[in-house]
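Undergrad: From just these sequences and the hints, can you work out the full model?
Those sequence lines, one after another, are chains R and W. Residue numbers for the first sequence, in this note's numbering: 1 to 294. Residue numbers for the second sequence, in this note's numbering: 1 to 385.
Honestly, the hints are just simulated from the structure, not real lab data. The C-beta atom is built at its ideal place from N, Cα and C for all residues, glycine as well. The reader is advised that the hints may include incorrect statements.
As the list claims (entries may be wrong) - For the chain R half of the interface with chain W, some residues (derived, Cβ under 7 Å), not all of them: (1) ASP13; (2) GLU14; (3) THR25; (4) LEU26; (5) ARG83; (6) ALA85; (7) LEU99; (8) ASP101; (9) ARG160; (10) VAL164; (11) TYR189.
To be verified - Computed footprint of chain W on chain R; a stretch qualifies when at least three of its residues, placed anywhere within it, have a C-beta under 8 Å from a C-beta of chain W: (12) 143-154; (13) 179-185.
To be verified - Computed, partial: chain R to chain W, Cβ under 8 Å: (14) THR18; (15) LEU22; (16) ASN27; (17) LEU82; (18) GLU100; (19) GLY283.
Read off the chains here:
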Amino acid sequence: MADGLKSCDYLADEGLATAVFLAMTLNRPLLLEGEPGVGKTETANALAAWTGGELIRLQCYEGIDVAQAVYEWDYSRQLLHLRTAEATGGATRDTADALEDELYSERFLIRRPLLRAIAAVEGPPPVLLIDEVDRADDEFEAFLLEILSDYAVTVPEIGRFAAVTPPRVIITSNRTRDVHDALKRRCLYHWVEHPGFEREVAIIGRRAPGVSEPLARQVAAAVAAFRELGLYKPPGVAESIDWSLALGRLGAAELTPEITQASLGSVLKYREDQQRVVDQGIGGLIEQAIARAG
Amino acid sequence: MQVDELAVGFVNALRGAGIDVAVGSSVNYYQALGAVGMAQRSSVYWAGRATLVTEPDDIELYDKIFDAYYGGQQLVATPVMEVTQPITLVVDDDGDDDAEDDGGDEDPGDPTLTLRWSRHEVLRDKDFADYSDDELNEAHRLMAAMARLGGTRRSRRRRRTHRTAGHPELRRTVRAAIRSGGEPVRRWYTEPGQRLRRVVLLLDISGSMESYARALIRFVHAAVVGRRRVEVFTIGTRLTRITRELSSRDPDRAVSAAADAVSDWSGGTRLGDTLAEFNEIWGIRGMARGATVVILSDGWDRGSPEVMAEQMTRLHRVTHRLVWVNPLKATPGYQPLAQGMAAALPHVDDFIEGHSLHSLELLADVLADDRAPAGSFRSTAGALV
Numbered sequence: 001m002a003d004g005l006k007s008c009d010y011l012a013d014e015g016l017a018t019a020v021f022l023a024m025t026l027n028r029p030l031l032l033e034g035e036p037g038v039g040k041t042e043t044a045n046a047l048a049a050w051t052g053g054e055l056i057r058l059q060c061y062e063g064i065d066v067a068q069a070v071y072e073w074d075y076s077r078q079l080l081h082l083r084t085a086e087a088t089g090g091a092t093r094d095t096a097d098a099l100e101d102e103l104y105s106e107r108f109l110i111r112r113p114l115l116r117a118i119a120a121v122e123g124p125p126p127v128l129l130i131d132e133v134d135r136a137d138d139e140f141e142a143f144l145l146e147i148l149s150d151y152a153v154t155v156p157e158i159g160r161f162a163a164v165t166p167p168r169v170i171i172t173s174n175r176t177r178d179v180h181d182a183l184k185r186r187c188l189y190h191w192v193e194h195p196g197f198e199r200e201v202a203i204i205g206r207r208a209p210g211v212s213e214p215l216a217r218q219v220a221a222a223v224a225a226f227r228e229l230g231l232y233k234p235p236g237v238a239e240s241i242d243w244s245l246a247l248g249r250l251g252a253a254e255l256t257p258e259i260t261q262a263s264l265g266s267v268l269k270y271r272e273d274q275q276r277v278v279d280q281g282i283g284g285l286i287e288q289a290i291a292r293a294g
Numbered sequence: 001m002q003v004d005e006l007a008v009g010f011v012n013a014l015r016g017a018g019i020d021v022a023v024g025s026s027v028n029y030y031q032a033l034g035a036v037g038m039a040q041r042s043s044v045y046w047a048g049r050a051t052l053v054t055e056p057d058d059i060e061l062y063d064k065i066f067d068a069y070y071g072g073q074q075l076v077a078t079p080v081m082e083v084t085q086p087i088t089l090v091v092d093d094d095g096d097d098d099a100e101d102d103g104g105d106e107d108p109g110d111p112t113l114t115l116r117w118s119r120h121e122v123l124r125d126k127d128f129a130d131y132s133d134d135e136l137n138e139a140h141r142l143m144a145a146m147a148r149l150g151g152t153r154r155s156r157r158r159r160r161t162h163r164t165a166g167h168p169e170l171r172r173t174v175r176a177a178i179r180s181g182g183e184p185v186r187r188w189y190t191e192p193g194q195r196l197r198r199v200v201l202l203l204d205i206s207g208s209m210e211s212y213a214r215a216l217i218r219f220v221h222a223a224v225v226g227r228r229r230v231e232v233f234t235i236g237t238r239l240t241r242i243t244r245e246l247s248s249r250d251p252d253r254a255v256s257a258a259a260d261a262v263s264d265w266s267g268g269t270r271l272g273d274t275l276a277e278f279n280e281i282w283g284i285r286g287m288a289r290g291a292t293v294v295i296l297s298d299g300w301d302r303g304s305p306e307v308m309a310e311q312m313t314r315l316h317r318v319t320h321r322l323v324w325v326n327p328l329k330a331t332p333g334y335q336p337l338a339q340g341m342a343a344a345l346p347h348v349d350d351f352i353e354g355h356s357l358h359s360l361e362l363l364a365d366v367l368a369d370d371r372a373p374a375g376s377f378r379s380t381a382g383a384l385v
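TA: Dropping the structure here:
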C-alpha cells in the first residue's frame, strides 16, 4: 500500500498506509484528522492517482446544503424550456403533467459531487474527498451519514441512485469542532502526524525535484527546529515543500541566515512567529539545523 | 485463544480504561485483524488504531493498553490476563480509600487505577452534592433561558420568504410556472437564515474560584444542554474540554462525569498558559472564530501578565465578542487589581459580574444578540430537504 502511494509521490507511514488499506478492503470511509498542512487532502489525491479512480472533491463550508453537495435542477434551462413550450403551444392545462415530467428528467439535473461519486458507473470506483467536514454544520453531517451508510441518493422526481461500486471515501477534518460520534463510528479513523525527519527529507525530495539532497536535509532540520519553538502556526509539510521550492527558485545551494531571512514568509505565516524566530537568532538556528542535517 | 476472543478481550480492556468503543467498531476491528493478519505486531497495532480510536487524546491510553494486553515484543495468541485484573478490581471497588492508596503504592504505573481514583477524590473533595428537587426545577428553567445565550448570526443557508424581493427561489418558481402555462407569474424569493452563534465557555477551576464552582458548573451544564453549539473548557493549570461530559441531560450524571474528567480542580492558576493552549489547539483554528467567548474567572493568575495580555489579544482578534464574568466584581469597592485581570481587561468587550446562579441567568439575557429576534434560529434546521 505504502509503495503504491509512493509511486504517486506520496510517502505514507505505516499507520496511514494500514488505515488506507483497511478502508479499501472493509469498504469504509476513512476519517483523517491532524494539524493543518500534514497532507490529509493529499492522501486522497495520491489514492486517486494510484487507483486510477476519478477524484471527486467536495469542499465543505458552513451552510452547505443538498443543492451544492448532491444535486440541483438547472432552473434557467427549465424556464427556457417552459417558454419554448409556451411559444409552440405545448403548454396547455392538459399537458402540464407531461411537461412537468419532462422538466424533472435527468436532462435538467445538475449532478453535484456526492451524486457524481455515487452514480459513477464506468471504470474504477472514484475517490470521494469530503474536505474539512468540520466546517459544515450538523444538519449536513447527519445527511452525509445517511449517504455514507448505504451509498445511495434519492432524487424525489426521478428515483434512487445507488452506487454500483461504492466510492472510496476520504473525509478530512481540522477539528475546529467535534465530528459527530455516529459519523466517526461509520468511519475508520487516523490521526495524521508530522512526518519524522528522514521521511520529511524524502517528501521534499519528491515534491520539490529541483532541490538538492543536502538542502532538503537542511530545510527539514530547520523546519523541525521551528516546530520546537512553540509558534502560533508550526510549519507543516506543505510549508516545508513551499519553502524548498522558494529556496530552489532563489538559487540557494544551502541554507544561510540571509536567504532564510529573505524567504521566511514562505514557511512562517504570522508576523509574531517570524519575530520569534528572528529573536531566537536565525544564525544559531540555521547552524544547528545544518549540524543536524549532517 | 481465537482471534475473536482476543479482539473482544482487547476491546473490553480499552473500555475498562475509559475509551468509548462502539459495538460496530469492535466488529470492524475483528474484520481488520482478518485483513491485515496477526503476524506483525505493528499491523495489529494499526488495525486497532484505525478502527477503535476516534480521538487523538485517546492514543496515549491506547498505546499503554496495547502494550499491556499484547505483552512485550512477541505477539502471542494468549493475552496477558493479569493486566485486565486490576481493571476489574477497580470497577468493582466501592470507594474504600485506604485500600486504594495501598494498591497505588504497589503498582504506581497502572494508568487505569489512577484514572479511577481521581474520580473518587474529586467527588469526595468537591462536594457537588446531588441536585435537590428545587434545584432540578431551577436547572431546567436555566436550560430554557440558555437558548438565548450568545445570540444568532446570519447563516449562509437561505430560506424561503414571503417577501417579494431578494434572491430568487427558482425551484419553487419553476414549479409554479408549470401550472401557469410556462409563465412564471408567481415568483418566490429567499432570504438568509439565522444561525446560532457558537458560544465557548472557559471556566476557571483554580483554588480561588472554589466557592463559586458549584454554581458555575451548573450554569455551564445548563448552557450545554439548553442550547446547541456550546463548547466548554476548564482552565486552571491545564486545559480540559468537558463539553462531552456535560452533554447528559441528567445534571447529576453530567456534573460527576465532568468532575471525573478534570484533574486539576482547585489547583493553581496559570491562566495565560492555559489560554495559550486553548488558542493553539482549538481557538484560532476555528472554534473561537466568530464565536462569543465567555471567560468565567476571578483573574488571579500566577503566570506573567505579558503572556496573559498576548493571549487575550490573539483571542480577541478572532472572536465576535469576548466576555469576562468575574464573581468578585459584585463585591463593593472591587477593583480589577489582580495581575491577570488587569492585563486582560483592555481586550475584553464586556466585563460582567457572576457571583450567583441568578446573576448568571441574567448573563444569558445580556449576551443575547438583540439584532436578531429570539427563537428564529430553528427555522433553518429543516433546510436540508
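Undergrad: Looking at the structure, which of the earlier hints fail to hold?
TA: 1, 8, 9, 10, 12, 16, 19
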